[in-house]
Structure formats: structure tokens, C-alpha cells
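This is what each chain is made of:
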Amino acid sequence: MTVPNLHIYVLAAPLLTAFFVNLFGRRSNTVIAILTIGSLTFSSLASLVVMSGILKHGQINYVVGNWQAPYGIELVVDHLSALMLVLISVVALLASMSALKSVSQEVPGREHQLFTLYLILIAGLMGLVLTGDTFNLYVMLEITSITAYGLIAMGKGRAPLASFNYVIMGSVGACFYLLGVGYLYLMTGSLNMADIYQILQTMDGGAAVATAFAFILIGLWIKMAFFPLHGWLPNAYSLAPTGVALIAAPLMTKVTIYLMVRVMFSVFSAEYNFVQHQLAQNIIVWTAAVGIICASAMALAQRDLKRMLSYIIVAEVGYMVGGIWLANETGMTGAILHIVNDALMTLCLFLAVAAIIYRLGSCEFDQLQGIYRKMPITMAAFTVGAFSMIGIPPTAGFFSKWYLLLGGIEAGQWGYVVALLFSSLVNAILFFRIIEIGFFHRDGEPHSHEEAAKAPLSMQIPLMVSAATLIIIGLSSGSLVDAIIKLTIPIGF
Amino acid sequence: MSYQTSIWPLAAVLISLVGSIPIMLSGRRPNVRESWTILIALGKVIIVASLLPAVLAGGGFEFTIAEVIPGVPIALRVDAMGMFFALVASLLWLLTSIYSIGYMRALNEHAQTRFYASFAVAISATLGVAFAANLLTLYLFYEILSLSTYPLVTHEQNAEARKSGRKYLTYILGTSIALALPGMLIVYSIAGTLDFKVGGILTGTGVAPQTLALILILFLFGFAKAGLMPFHGWLPAAMVAPTPVSSFLHGVAVVKVGVFSILRIIFHILGPEQLVLADIGWIITTLASITIIVASLIALTQDNLKRRLAYSTIGQLAYMVLGAGMLTAAGMTGGLLHIAMHAFGKITLFFCAGAIAVAAGKKYISQMDGLGRRMPLTYLAFMFGSISIIGMPPLGGFISKWNLVLGAVNGDQLILLLVLLVSSLLNAAYFLPIVYRGFFAEAADPVYDQGIKEAPTFCLIPLCVTACASLALFFYPDVFLRLAQLALAL
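Going down the list, the sequences are from chains D and F.
In this note's numbering, each number is its position in the first sequence, counted from 1, plus 153.
In this note's numbering, each number is its position in the second sequence, counted from 1, plus 8.
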């Protein structure tokens, strides 16, 4: 089946639906549910079609409004962006099913507002992976960030404060990115990625281009919460409404890592990143290693499941940034595979958290006593996600970690290898602590509104699907790497 | 050697995994549940036994489950060494299943369904380790085994059990992630494969002796289930588990999986010849010798019967590693054979300990004086098991120990000979008094001359069978001997 420009509709579906949700969603939640799930189902199916088209025919370039590149905005769908598109739409679909229930419990009466922003956020994320233009990328980045600020601020208690903190940090990051793009524009006179790439090949950039490169990277690092620029993330994700954390936690950091890959290899080149800046490369890998260790250690200190997972996300960002900067193919394979795996396992764990919070009203460790007896299915899926985080085969997490570790050994980056192993061990402690509390402690006090809210099927099904996916992806990671990931490795390796 | 593709290895592994579903579903009807357990155990033995003739004829089977990493699929292969271990594990599992019915019912244990289900997963993983075609597959099942036995260790759910469970996971999971995983990655980055091959895959790669030593040490400690000191602490702690768990998992499956993995590494990854060339066999034998002597000495001081057995196990496991580390034909054969011989002997002893706990409620050796007169069959079986482990004829343990002694002499490693002799004396010193006091000492508790009888029949039969099997293995060790020779390509 070939539909011309299908990838535009993947993005357009949630974007347009967002307005309908705002218009018609005030009256009933059913309408919101139908619109949201419907549009995301369409996006998921369409993105799969786009993916198979890319695998057959290769990259698609689309010129928006028929303004030719390098002046107009170009959308580029290559293997990597197609993969991200599938990932975003599928994760968004699964997350939104669960979010619908969670939101109507946590933010009653404002569902239509939340889901309007929610769908725009998803559209923004899709735009980020589709665009082939550095300034358009900035626009999309701000769309996702601003919707995220709003969504997070809808949470209870100190959520507006966390959101404000995120606004400050996020804006600083955006400024850095924009300044970097400005420098590039000064030097090359272009905003189109492919165009800049060509021009940079022929010119000796010197300090100005290096500054642009550094500014863009720092901007993205703030947005992805790369240690030590991660300060905004734990509060933002743990205080946000659970339904929002469901989409933000698996996707936002991962998409930003995609952006880093995109900028590094489609605007600059592997040669520029790794050969001309070897010292920087070493420093970044070491920072990633230190970040992994620190974030893991901070995760140990948490007494709340959601906060613990937030710190694990920060550690995982270090995995991927480090993997990319190892500057070899194995590390890159590991990093890209880990983008997929980490998104799915974070989704799985957050879906479980959403179900727990829906039933217990909280996910502090003290509340979790006897949870395995109360919610056996949820906790079974949680356990699968936990094993994947620890990296126990045959769950998906093991295989990306395998490539990352192997890449680290090949590159001789022993600090990074040790950090990964350390973090695996810490994850084992973190999750087995919860398993011990939930499984082997005698039941705790009965909860106040426990019987009132059993986690409904619409929360359980996406959870089970995501847990099953972790095992399926793990077992088929060989063919996944061969068929898709290998093709997404940027040229230059 | 040619391997034919066959689904049966997978069936042998999966039967108990799939079987855990009906076990869980029939949780409310104990008779149905236990029938399933026995049926599945029986099915497993039959499948494994049906694969045996082809392996003895020098062939084998293989089955690829999934391609996961270039050159390293998740795949099963039934070769001589795997068959050796699978045979021991599946036979003893059948007996343990019967035994645990008697034990768990007599003590009216809680959460029996979880117990049987975890057990079923654990034995699946054990066979998976046995039939693993490469190191990655082995690692996968090794980890599944660690995780599935965790609920068994913490079965009691009290503070002590939880603490032991924590210790268990810290040692087992911690070492496998921190040591075995990087070891595996280093091997892969050197050899480009993780396939088990007779003679080793690192042979001819020109790997430096230092690297080889590093890999060796990573695996010796990384597979902490083998209990090499100083990573042995989990085993005595894990004795809080119900006795069927201790007997099967911590006498046979779990610990032997550790030794089996180390032996796989020495025989089929690093390669004995390579180790001889690099002259690093002494690392293995030194670590093993220290463990043998120290564990035996500690065993002497233990009053809790199960803990004494646990320390004895640690010492005996090191025998197997020691044999492999001698790197002589007889030594390696002895090490491998000791897996089987020790399994039958030690499971008998654990069964007896459990039977005593069920019938008399006693855990401490000092309280067991005179008990043998009330439980003659149990004590007789205990004596058989002890003699086998001490390594005296006419019991199976003699065969393996004889080979170990031969290996030490052939390799001119007379110090190792001394270690073996001293250890045998220590074994005798910590086992025989139990038997002697049971039969001949004055009863510690007047009750022993009245009410207490033998344990329930379900408990009694398996321990008699394993005791007799230990005896039979002295006269007919052929199958295991042949498998060991095939595994080492002798």
C-alpha cells in the first residue's frame, strides 16, 4: 500500500484531533477517549506503513508548502526517524489508554484541557523526529516543552513549582539551542540540515562552528536531563499528574537523545564529532559515566516509586549519551536499541505505577506492602519491566546493555563499562527492594479508597501489552538490529 | 560430532515451565496439584532419557530458539556434558517432588502453590543451563534460576528469611552481573562467538595469559552458585528454606549449576590446553583447595544439621572445581563425575535431615543422640550418603574421588593429593559421629525411645532410593563415566 505523504498524516492526526478534543470533549469523557484513541491508533498503523515503505524504498523527503529546500521547511523520513515515529505513536497509544482513567481520577473536570495539550505534545514529538530543518526543530522543541510545562503544572501540590523550575531550565536550554542555530546560520547562511552538512564539509568552521556545536549540545542536554543538567526532571515527572508522566517519562528524554544523534550526524559529521574533538568526546563519555553512577545512587535514596523511576531515567540518559559518544558502531547500535527499549520499559513501569496509584492513591514504599496479592497482574508486568531495567535476559533491556557494554569494551572506556555494571547492580537492589516489600511483607494497613477503585481493564491491557513487548523485543532483538537498527546507524561509522 | 535439529531439547526444558501453569491453577486442590507435579517430573525424566542413546552414540540434538546477537543465538544443544547434568537433575527432581509432597504436607506449610510453581520454573532453568549451546543461553537460564529460587529461599516470609533472600540475591545476582557478564563480553569481543566447543573457543586466538587469567577469575567468582570462597556466604544463609528446597536446589540444582557453568568455561570456552600453556591452572586449584579445607573445618563446628550439610556442600563443590583445575584427564573426569556422585549422596543426606525435622522436629545435631534407633532406615540412608561423600567404597563417591586422586598423581600435584586426603578425614570427622551418636549414644531426649517413628512414606521412599542409587553408582558408573569421557573428548 502506498499513500503519498502518509507520514504527514501520522503527525496531523493527533494535532487536528487536539482541537476537536477541546471543542467536544467538555461534555463527556467518552468523546475524549474515542478521539484520542482513534487518532493515535491511526497514527500507529500509519507509522508502521511508513516504516515498511522506508524499508522498501528508502528515505523520503517532503517539502512543506512546496517551498523548496534549503529555503522552505523540509521533512525527512529516514530509517531512524521512521523508527522513532513508530515508537512515539505506539507508546503514546498505550500510554493514553491508561492515562484516560488516571486523569479522570486525578484531574476531574479538566480532562479536555489536559488531553488537548497531551495530543499537541505528541504531535510535537512526532514533528521533532520528522523535521529536517534546524529552526523548525527549535519550533517543535518549544511546542513539546510548552505543552509539557502546562501538563506538569496540572498536578497536585508543588507541581506548579516543579513546572516553573522546568520552565526556567527548559527556556535556558532552548536559548542555548537557538543561539547555536544562530551561529550556524551566520557561518553557513542556511537552516536546512542537509544543506548545512554540505556546506560544513567544504569549510573550515573554526571557533564559531565549534561554539554553535557546543551550544546546541548543551541546549539539548538540558532538555534531556543529562547529568549534571538534570535538576528539573525528578520533581517535574514525579509531581506531574500520573497520566502526564506516562507520556513524558518514556518519550521526552528519548526523543531528545534522538535529536542529539540527528544534529551530530545530519548537521555535523562523525568525523567532526569524534576526530576533531577527541578530548570533548572523552569528557562526555566520562560525564555520562559519572552521571550514571550519581543518578543511580540518588535513586537509592528515594522512598517513592515514581521518584525512584525518575532518577533511573536520568541514569538511563547517561547510558545512551555515553553509548553514542563511544564513537563506535557497537555503542551506537546499543544506544539506538536502548532508545527503543528504554522507552518501552519506562512505559511498562510507569503504566504499573499508574495502576498502583489509581488503586492506592500513592506509590510510596510503605504503601506497597502486600501489593502483589492485591494486584497480581499489575505487579507481574511490573516485574518484567523491572527485570528489563536490571538487564536480565531475555528481556529487551539486557540486549541493549549488551551492545553498550561491548561498545565500551571495544572503545576501551572502562569507566563507562564500570558505570553501566554499577547501575545494573543498583537497579537490582532498587527493584528487589520493592519486590521484597510487595511480595514478602505481610499486608499493610488497608487503604482508604482502595475498594472504590480497582485498576480497570483499560489500564491493565496496555500494561500487559508493554510487558509482553519487552520480552518479544528481547527475543527478536537479533532481527530487529539486523533489519532496522543497522540501517539507522548514521554514515561515518 | 553431528547434531540433529530437534524440538525435544526445548520440550525437556519447557515441560516444567508450562507445567507450572496447571500447578498454579489447581492451587485449591492439593491432590490434583501434586499429581501434576509428579506427572511433569516423570515426563521430564522420560524426555531426557529418550535423548540419552543418541548422545551415548556420539551424536546429539540442537534447537535454536531466537537469534539475538550476531553469532550468538539463544540455542539449546544436547551434548554429552549437558546430558550428564540433565540426567542427574531430572532424576533427582522426580524424587524431590515425591519427597516434598510428604514434607510439605506433614509440616502443613503455607503458600504451597507458590512453592511448587517456583520449583517448576527452577528445574526448567536448570535443564536450560544443562542444554545451553552457548554462554549467553547459559547465562540466561542461570539468571532465571537465581530469580525463581528467590521466592523459595524467602518462603518463610519472616525477617530471617527475607534477610537470607537478600543475601542470596546479592551474592548470586550481584556476582553474575558484576563479574560473569563482563567476562562474557570480554570473551565475545576476543572470540566473536560464545559457542561451547570441545577444546575451547579461545584456543588459537593468541590471547595473553594475563587476559586469560582475568577471564578465568571473573567466571570462577562470577558463577557464585558454585560457592567458591569468599563468595560462599549465601549457601548457609539459604538453609532457612524448606528442606526440599535445600536438598534439591542447594544440594543439587543451584550449586551444581554454578559448578557446571565453571566447568563449561574451563572445558569449552577457555580450553584446558590453553590453560596448561598459559600455566594458570594453579589459580583454580589454589582457590578450590582453600575452599575445601576451610569449608570442611567450618562444617566441623556447626551444630545445625542443615548448616553442617551446607558447609560440606561448599567443600564438595570445590572438589569438582579442583578436579577441573588439575587439567589432567583423570582429574577433569573426576571433577565432572563428582557432580553426579555428590548429587546422589548429598541429596540423601538432605532428605534425611528433612525427615528428621518432620518426624522428630529436631534441627540440631546435639539433640539427635539415640534418634537412629527410632528411625533406622533414615539413619542407614544417612550413613550411605556420608560414606559416599567421604569417598569410601562401596559407594559412588569413591569413583569420583579415585579419579581426582589419580588426576593429582598424574599431574604431579602432590599437594593436591594431601588436600584430598585431609579433606576426606575431615569429612569423616563431621559425618560419622552423627551416625554413631544416632545409633549408639544414650538418647538425648527420653521421647526418642517412645513416640517418634520414621517420617511419612512419601519422605522415606525417595531417601531410600537415592541411598541405593549411591550404592549402585559404585558398581555401574558406566553411563556417567562414558558421558564424562565424551564431554572431554577423551
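Note that these hints are calculated values from the structure, not bench results.
A couple of the hints might just be wrong.
Stated by the list, open to error - Away from chain F, derived, C-beta distances all over 12 Å, residues of chain D:
| id | residue |
| --- | --- |
| 1 | W220 |
| 2 | Q455 |
| 3 | T483 |
| 4 | G544 |
| 5 | E589 |
| 6 | I625 |
| 7 | V634 |
To be verified - Here are some, though not all, of the chain F residues that point toward chain D, as calculated from beta-carbon distances under 8 Å:
| id | residue |
| --- | --- |
| 8 | L181 |
| 9 | G182 |
| 10 | K371 |
| 11 | S374 |
| 12 | N418 |
| 13 | F483 |
Glycine included, C-beta positions come from ideal geometry on N, C-alpha and C.
Discussion item. For each hint given before, does the structure comply? Return the numbers of the non-compliant ones in rising order.
Written reply: Hint check: 3, 4, 5, 6, 7, 10, 11, 12 and 13 fail, others pass.
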